[in-house]
Amino acid sequence: MAIINTLREKMGKLLVVVVGFSILAFVLTDFLSQNSSLFGNSRNVGVIDGEEVSQEVFATYVQNATAGYGATTPQFTQLIRDNIWNSMIANTAYANKLNELGLEIGNNERVDMVQGKNISQSMNDFFMRNLGSNDVQSIKNFLSQLNLYDPRVQAAFANAEQQAMFERTIEKFENMLAKTEYATLADAQKAYQEQLAFANVDYLYVPYATVTDAQIGEITDAEIRSYLSDNADDFKVDETRDIDYVSFPVIPSSEDSAGYLADVESYKRQLMSSDNDSTYASSITEQGVGFATYDPTALPLQIADNLSSLKVGDVVGPELTNGIYTLHKLSGIVPTDSEFARASQIVFNTAGMSAAEVVGVRQTANSVLRRARNGESFGDLAREFSQGAYNNVGGDMGWIKKGDTKSADIESAVFGTTRKGIVRRLVETSNNIYIVNVTEPKIKNRYKVAQIIVELTPSQSTIDMVYRQAGLFASNAKSINQFDDYVSENGYTRFSGVEIDRNAISIGRMNNARQIVSWLYGEASIGDVKDFDLDTEYVVAVYRNKTDEGTKSIDAARSEITEILKKEKKAEYIMAKLNGLSGSISEMAKSYGNEAILLNNPSLKLADNSLPNAGIAPEAIGATFALNNAGEKTAPYKVDNQGVVVVELKSKSAASEIGDYTSYENQLIQEAYNIIKNALRQSVIDRVEVVDERYKFY
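Be aware that the sequence shown starts at 1, since it is given in my numbering, and climbs by one per residue.
The set of hints was computed from the structure by calculation and includes no laboratory data.
Each hint should be verified, as a subset may be incorrect.
[Said to hold, decoys possible] Straight-line C-alpha distance at most 30 Å; calculated BS3-like pairs for lysine-lysine:
| no. | residue 1 | residue 2 |
| --- | --- | --- |
| 1 | Lys530 | Lys605 |
| 2 | Lys577 | Lys605 |
| 3 | Lys140 | Lys117 |
| 4 | Lys179 | Lys117 |
| 5 | Lys268 | Lys530 |
| 6 | Lys444 | Lys478 |
| 7 | Lys546 | Lys569 |
| 8 | Lys236 | Lys268 |
Could you build the full structure based on these sequences and the hints that come with them?
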């Protein structure tokens, strides 16, 4: 395993990032071209390996990538931007490296990747999107008629093929190193023992919390400065900004709400008297189709929950939920051959149980059944006892259709009765015991429903009023002090956004805050005040503070380092006290005092990383398996910044030898392959110099 160990040493604490190269098939052809249109524009989102990246082209890639998703959230769009940017960096890095190496894809290999037995993932994705199939004959038919397709399809095929070749070349490059990895029989035997051999151990655990600050003394500034100097890399910070802000929500006023309610009541009267429900509802509703015929399983809840009491012509509503008014009219009933019913269930699991255990579960189920038949709330009993789906809604399965797999176990009980009520006997299968309550007996109907949905939104006058409030604030506050004074004088609630990085999407509770971030990292200076329109609210923000990229100041790192040094001193205090004790760990614990906790693990494995009820302790576990005889102890070891342990061996049990260790060899090789491949990718990417200025535009 020499290669993997060497790479681990070189990579250190490097975060290994697996770049999804296939995310941008449409980018690669242009990107890998020597005359790439990505570069050379004065409006740039950044620089990759010395080449400027045009904002206009970058925006086009983002638009193309999001086009297939329909409506997207700001967070999703930003994720797409980040993926495109990261892929550009990765593609540039690999394009440069592959050009240096001169790796090529042969003609036969290229054909095999596109239409042979080993179709690449990129080509497979393309054919599934455009043909709905990856059948070889369908692919060949497509290729024979490619020149007849829309030019956009031809371009997409060219991009997918280029992507496939690029990925295959990367795979060859990575395999030059990763495929040289191997595992010996001794390695496999060791891995086998690490996973299956175990030790029975007792351990003494002393938490840091048992040591008082007075026992370790004060942490001085000199110690904090020294620690920060020696561990500067652990306290690196990116450039960030801090703001305070006041929000002016754009929500309907009481006058708006009253107006909407009057409108909806008018719609209700007209819907009740309408002779053409479909036309009227479709002309009024702001969402949905306005009129449809439903199975009981798909009915709007307002109708489904009242079906037994409704007659044709009845209107339900208006109901207001989350700012949405709804009206529903039962317009007609249509006979059907399918059967529907509504039921609730209480489920007791018996899978894998012995016959005696099943008897115990059956007794419990019968007891619950008696309680339900005696009048206790079925829903409450379901919430308390049911181990199946729907327990959080009192066992209510809603309307079910005969033949539906979700109700197969209880179908005969539900559809075998013509009355509401609890089925008198338990329903048992090989894996479950059911109590069934038929809440609506079987019917053979479908239902015509007219639906009007109206969203309660603020009027333009309300929007204008809120806008004026925010604008007045921004015009009267031109500095941090003026901002603070205006907040105090007007009784506004102040919110803070701290450590905002240049790629932030949200700030505090504001989920769509990119324009504020762009302002902070663009034109703004400390003390500037600006108002923003964030769709559902206006925000007035003041740029309060900036943290430069680099190492944290001693003031910023003080509390963090103080806690670290306290734990180090507490560890030293505990270890010194333990090192002065002798005997078994039970004797050591008695001598140490009530602060020492005795614990046991009868099946500790070398592959384990932690000791139960103590914490992560790889050093202590490794030292334990170096012990040979019962009664031997390890030295004191730190546990996950939580305390100190001493482990005593009671016994060790080696795993029995097996005849074939191939699976363990393959496991080691695969682990090494993945680590090498990921480390290699990141090391290639890290050699590319990047200037990211997307914050100026997004």
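Hint by hint, here is what the structure shows:
Between lysine 530 and lysine 605 the CA atoms are separated by roughly 60 Å; this puts the pair beyond 30 Å, and the hint is violated. For the suggested pair lysine 577 and lysine 605, the alpha carbons sit about 28 Å apart, so the restraint of at most 30 Å is met. For a cut-off of 30 Å, the pair hint linking lysine 140 to lysine 117 stands: about 13 Å separates their Cα positions. At roughly 22 Å between alpha-carbon atoms, lysine 179 and lysine 117 fall within 30 Å of each other, so this suggested pair holds.
The hinted pair formed by lysine 268 and lysine 530 fails the criterion: a straight-line CA distance of about 45 Å is larger than 30 Å. At roughly 70 Å between alpha-carbon atoms, lysine 444 and lysine 478 are farther apart than 30 Å, so this suggested pair is violated. Between lysine 546 and lysine 569 the alpha-carbon distance is near 34 Å, which puts this suggested pair outside the 30 Å criterion. Annotation: proposed proximity of lysine 236 to lysine 268 is violated, straight-line Cα distance about 63 Å (limit 30 Å).
Violated hints, listed in ascending order, are 1, 5, 6, 7 and 8; each of the other numbered hints is respected by the structure.
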